[in-house]
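There are 2 protein chains.
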Amino acid sequence: MELWMVEQNTPGYSVNWKIKQTLYRETTRFQELEVLETEELGRVMVLDGNIQVTEVDEFIYHEMIAHVPLYTHPRPREVLIIGGGDGGTAREALKHEGVSIELVEIDPSVVEASKRYLPQMGGALDDPRVKVIIGDGIEYIEKCQKKYDVVIIDSSDPVGPAVGLFSEGFYRQVHRVLNEDGLLIAQTESPSFNRDLLAGVNQTLKDIFPLVRVCLTSIPCYLAGFWTFTVASKRYDPTGEIRRAGLDSGYRYYTPEVHQAAFVLPPFIKAILRE
Amino acid sequence: MELWMVEQNTPGYSVNWKIKQTLYRETTRFQELEVLETEELGRVMVLDGNIQVTEVDEFIYHEMIAHVPLYTHPRPREVLIIGGGDGGTAREALKHEGVSIELVEIDPSVVEASKRYLPQMGGALDDPRVKVIIGDGIEYIEKCQKKYDVVIIDSSDPVGPAVGLFSEGFYRQVHRVLNEDGLLIAQTESPSFNRDLLAGVNQTLKDIFPLVRVCLTSIPCYLAGFWTFTVASKRYDPTGEIRRAGLDSGYRYYTPEVHQAAFVLPPFIKAILRE
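The listed protein sequences correspond, in order, to chains A and B.
Sequential numbering of the first sequence, starting at 1, is according to the working numbering.
Sequential numbering of the second sequence, starting at 1, is according to the working numbering.
Simulated from the structure, these hints should not be mistaken for laboratory data.
Owing to the predicted nature of the structure, the values given are computational and were not obtained by experimental measurement.
Worth double-checking, as some hints may not be accurate.
Label pairs and their in silico Cβ distance ranges [unchecked claim]:
hint	chain 1	residue 1	chain 2	residue 2	range
1	A	D196	B	A245	50 to 58 Å
2	B	V159	A	L23	42 to 50 Å
3	A	G164	B	A245	49 to 57 Å
4	B	V56	A	E37	30 to 38 Å
5	B	W4	A	E37	25 to 33 Å
6	A	E168	B	P210	35 to 43 Å
Every residue gets a Cβ at the ideal spot worked out from N, C-alpha and C, and that includes glycine.
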């Protein structure tokens, strides 16, 4: 018998992935969580029916969401990751000398499943420089009295527990906890299949931060054409001079040239952003 | 009743597109041809079960495959398009002043269906500057005594009638019919889901041409992460100075900056190309 997972991406299209076996399945307090072994993408973590990370292409997403802000900042020390319970973003952030990371994940099962089944990512969460906090990122940041150099919003799609991570109130709190030269990055979905979200987040962030920039990549497993990350910054411009000191030569996706090229937007995306 | 088309992309994944109606269907001498109205992508042309072009995102593919070589060449006049029977590439090439286009499409039904159901593309094939030749591109080029400035290999996937368009023998014939400062571009599939093809074409072209460069985009309807085009050139380097004279301001994807950024490759793609 062939086993296929059906991933409903929009009402107009869905994707079938051939499955070798189900490694783990749990109905957590927050969502349906599965770790599957697929034919095409290696092991994958699925939340509420949508693939979040895969062994074969997670490096693209994680190198971009971590290194774009961390090389834009000349001396990042205090880093806050909201979400990212799989550990991939923390793993990349740890490649920057001197960083200290807090990671706030709402669902402890994501952390445990990643450590057990996706250790290439989850392993980073055992590093002593990473403090894992199980809790609601929105509540955490509202009460937070600490200041950060970089906040990374590594959320799942804007459904279920992640909805509030795309809201104006949340972004204002992130602005409050950033140092006066701090910056944030957020994953902001596909410009082809979720353009209203991208447009809305962009306008909201422009009301709060002096500098807002969108960069592009493509995440094969998301099957959505381009994928966007949005940077909102108090001082440093990610499209300007970036730090090259401490550059790791082992990256599979990120280079300073890839960083710069990612911010070159075609007119149809500028139109979505009203730029 | 809901109608869904299932597109088998690899043995490990397939995509379901919700269909509003079937506009046209024909078993031609060469392939199964369908024009469908989809929920997500507008009208689409499907060959042997794979979406080739869609109304909503065809501009990305066609602007890249036409303008990357045509702005690399300082004075393109004679242009040969192999495949491209939908007319989208010809429409973009016509935006370059002074060009004269020959287009060799093997399947007359593709031309007729595009003119009738996708006139935004097919309409270009009625332009007096475009000579449409119905025939086998491989045979045509073997017998061809004319010389061209730019050859655009706008093929379908390397199955069925397009297999020979990815072969060394064919590329040697293209080299022969190019002027001494001519160049070719070919669509060369996804680096994630068809990396062996990309690697093979790259090595083959490097044996024939002094300059071979790969550029990236992402075509949403192909649902394959990045998409590659490979340029092989006798003189002009598409990563060097490009022509800005005659630049059309109405493009939705192409700009000189997008052109340059598209050639910045992440290490994982350089590894596929052994660069």
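Results for each hint:
1. A:D196 - B:A245: 50 to 58 Å: 38 Å, violated
2. B:V159 - A:L23: 42 to 50 Å: Once the Cβ atoms are compared, 33 Å apart, the range 42 to 50 Å for L23 of chain A and V159 of chain B is violated.
3. A:G164 - B:A245: 49 to 57 Å: 51 Å, holds
4. B:V56 - A:E37: 30 to 38 Å: Check passed, 34 Å falls within 30 to 38 Å.
5. B:W4 - A:E37: 25 to 33 Å: 26 Å, holds
6. A:E168 - B:P210: 35 to 43 Å: 55 Å, violated
Violation of the numbered hints given earlier is confined to hints 1, 2 and 6; the remaining hints are satisfied by the structure.
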